[in-house]
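Asks: Line by line, the protein sequences are chains A and B.
Following this note's numbering, the numbering of the first sequence begins with 1 at its first residue and continues without gaps.
Following this note's numbering, the numbering of the second sequence begins with 1001 at its first residue and continues without gaps.
Keep in mind that the hints were calculated from the coordinates and are not lab data.
Source: prediction; values computed, not measured.
Just so you know, not all the hints are guaranteed correct.
So these bits of chain A aren't anywhere near chain B, every CB distance computed over 12 Å [stated by the list, open to error]:
#1 Ala15
#2 Leu27
#3 Ala38
#4 Ala49
#5 Asp81
#6 Ala108
#7 Ala144
#8 Ala155
#9 Gly165
#10 Asp169
#11 Ala189
#12 Phe205
#13 Thr210
Pairs of lysine to any residue residues, derived as SDA-like cross-links and limited to a Cα-Cα distance of at most 20 Å, are as follows [claimed, not checked]:
#14 B:Lys1160 to B:Asp1190
#15 B:Lys1160 to A:Asp201
#16 B:Lys1160 to B:Asp1073
#17 B:Lys1287 to B:Ser1275
#18 B:Lys1363 to A:Arg175
#19 B:Lys1196 to A:Asp166
#20 B:Lys1196 to A:Glu67
#21 B:Lys1363 to A:Gly177
#22 B:Lys1287 to B:Glu1312
#23 B:Lys1287 to A:Asp201
#24 B:Lys1160 to B:Tyr1198
#25 B:Lys1363 to A:Met214
#26 B:Lys1160 to A:Asp166
#27 B:Lys1353 to A:Asp163
#28 B:Lys1160 to A:Ala170
#29 B:Lys1287 to A:Arg203
Positions of the beta carbon are idealized from the N, C-alpha and C atoms, including for glycine.
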Amino acid sequence: MNVITDSTDLGRDEALLWAILFRFESLAVEQYAGLVPALLTPEKQTLVALLRTRPHGDEELAGTQLEAPLAELMRSVTSRDEARVLIGQGLFLELIGEAIYRSFSQNAAASEPTRKLCALGAAASGRARTLVPALLRTRIGEGAVLLQAIMTEAAPLLRSLDDLGDGIDAMFLDRFGLSFADLMGDVAAELIAVCLDLGIDRRKFVAFLTSALMGI
Amino acid sequence: MNALLIGGSGYLGGLVAAGLLSDTDSLIIAPIRGAHTRESVLAPIREELRCEGLADRIDFERILTVPLPDSDDWSALDALVERYAIEQIVHCAGSVDYFNVALLHEANIVLTGRLLDLARRHAMQRFVFLSTAFSSGYIDRPVREELHFGEGSDPTEYTKTKRYAESLVAASGVPYLIVRPSIVIGDSRDGRYSGKAYGLYQFWTAFERLLTDRYRDVLHLISPRVQLHLVHQNAFKNALVAACRYLPLDSIVNLTSRIDGLPTARRLTQQFCESVARPQQIFFYNKLADVRAEITDRRMRMLLDFTAVNSEISSHAWRFDNTALRTLRARGLQFADATLETVLTCQNRFVAKSPRIQAYLTKNADLFAAHPGTIEIGVA
Chain A
1 MNVITDSTDL GRDEALLWAI LFRFESLAVE QYAGLVPALL TPEKQTLVAL LRTRPHGDEE
61 LAGTQLEAPL AELMRSVTSR DEARVLIGQG LFLELIGEAI YRSFSQNAAA SEPTRKLCAL
121 GAAASGRART LVPALLRTRI GEGAVLLQAI MTEAAPLLRS LDDLGDGIDA MFLDRFGLSF
181 ADLMGDVAAE LIAVCLDLGI DRRKFVAFLT SALMGI
Chain B
1001 MNALLIGGSG YLGGLVAAGL LSDTDSLIIA PIRGAHTRES VLAPIREELR CEGLADRIDF
1061 ERILTVPLPD SDDWSALDAL VERYAIEQIV HCAGSVDYFN VALLHEANIV LTGRLLDLAR
1121 RHAMQRFVFL STAFSSGYID RPVREELHFG EGSDPTEYTK TKRYAESLVA ASGVPYLIVR
1181 PSIVIGDSRD GRYSGKAYGL YQFWTAFERL LTDRYRDVLH LISPRVQLHL VHQNAFKNAL
1241 VAACRYLPLD SIVNLTSRID GLPTARRLTQ QFCESVARPQ QIFFYNKLAD VRAEITDRRM
1301 RMLLDFTAVN SEISSHAWRF DNTALRTLRA RGLQFADATL ETVLTCQNRF VAKSPRIQAY
1361 LTKNADLFAA HPGTIEIGVA
């Protein structure tokens, strides 16, 4: 399926969205290939191949409120360490990506190419979501051990994610109704559910999310 | 007495630096991490002193910023101690990450141990340690100004590590002063605050971020009818300086406001709702477990979740012995106790500086309730 052929006139807001997703997904593929090949699924590879048929969006991002925090976010998950990639990219960014994809795949304000792309993205991230818990369990552990690893590895990501909030609201709230708080609400609910299944204390995990997302 | 100030780039460390600059003639050596610069560290200190009308009289060359050495190479600090004739360490650094055991251990225990070693090596005259009023954990009697022994029930891992660090300080052989502030909030006079979203600010920030997207005529809030132990930043700063000056060596001081004037968490929440959120109705709960399962508003749920641990801590009826503070008051300490009115000053400042809340107030003014109705869920 080629969803990109009629996407040349996406408009600035959607081109910006694609630029962000391109960065998320390119880094994912690169890091998964080296460290967590189980997450380099056919769905993910198809998605990235589609995203790569468009320009990378440097122009759309340049000078926006999102440019600096997005670069910082990418830096925070770029690693040669398996645990950091698995937690930062495999758990957190895949859930964030899935929430964004789901929101746009059903968003009437988005163009048809964007909705189709996001449906593919949601499927790819959804596939990762089903694989990640078992990988976390076998590679890192469960319960308190996993919580400690998450607190260590994901804190930089969450701090930089927090800095993206105002930019996301400024770029996407009016036209698409996507707010950072709603997005993080979806992500937090999923994260809590995944972590509870992995034996993590809910109270402690929520306290961690709170401090990280409140800029503490 | 020249001081090595650890944690000077932080909120409380900056207040301490301002206090030492304004009230002593000490030279202050402040090691800072690579992410900070001299100017980034000095800026809030200058601002604090400017607000006090003192900046013009302060020689900021009295504070020297130096790179914080790697944890395995403290010889640079030894050299600084010798070079600047440092006679005391003021240790304000630490982690408040409630459950990050590894980080808490490193920041609150290991670092404190290293600094105590440094103080011992140089036979320093005093080690000032910034702890917390809640280092006892949950106990059913007033928190005395003495070391806490035994493993009580702790609200968080944070309190446990602070308690342990206090015991390290006391056992080190270095003369010490342990300062235990409760929840620090803005200045009692104008509400200025440069700390992160701790304590009461966490609730205000959670409201700002989560509940200003639209007007909600019903709010669900956890808010026990128990005094919230707040201490204003100006009271904290003045008391710490006074404690350094007047308390004997090996003292512990609880820095908490007079309980008879302190508002309850419930009253503070009501104050916020009556002047900012303005719902028609509030469901008040005493703990998260009482919250109705059928609340489907995800943002409301997130606020309840995000404030749950602090709500739980504040539901304990904390009582504090304030003997040392009474001594300091008798010596002339200006200690502004937190009251409903002074907290309102801080709240008003927070609200005034929040574009989101300002937009919420403007956009929803027609919907606001004059006086929200309240419904109590669960037994206090």
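Asks: The structure should be examined with respect to each hint, and the outcome stated for every one.
Replies: We went through each hint and held it up to the structure:
| no. | hint | result |
| --- | --- | --- |
| 1 | Ala15 | holds (26 Å) |
| 2 | Leu27 | holds (24 Å) |
| 3 | Ala38 | holds (27 Å) |
| 4 | Ala49 | holds (34 Å) |
| 5 | Asp81 | holds (15 Å) |
| 6 | Ala108 | holds (20 Å) |
| 7 | Ala144 | violated (8 Å) |
| 8 | Ala155 | violated (8 Å) |
| 9 | Gly165 | violated (8 Å) |
| 10 | Asp169 | violated (9 Å) |
| 11 | Ala189 | violated (7 Å) |
| 12 | Phe205 | violated (8 Å) |
| 13 | Thr210 | violated (4 Å) |
| 14 | B:Lys1160 to B:Asp1190 | violated (34 Å) |
| 15 | B:Lys1160 to A:Asp201 | holds (18 Å) |
| 16 | B:Lys1160 to B:Asp1073 | violated (28 Å) |
| 17 | B:Lys1287 to B:Ser1275 | violated (24 Å) |
| 18 | B:Lys1363 to A:Arg175 | holds (19 Å) |
| 19 | B:Lys1196 to A:Asp166 | holds (17 Å) |
| 20 | B:Lys1196 to A:Glu67 | violated (24 Å) |
| 21 | B:Lys1363 to A:Gly177 | holds (17 Å) |
| 22 | B:Lys1287 to B:Glu1312 | holds (7 Å) |
| 23 | B:Lys1287 to A:Asp201 | holds (17 Å) |
| 24 | B:Lys1160 to B:Tyr1198 | holds (18 Å) |
| 25 | B:Lys1363 to A:Met214 | violated (25 Å) |
| 26 | B:Lys1160 to A:Asp166 | violated (36 Å) |
| 27 | B:Lys1353 to A:Asp163 | holds (18 Å) |
| 28 | B:Lys1160 to A:Ala170 | violated (42 Å) |
| 29 | B:Lys1287 to A:Arg203 | holds (13 Å) |
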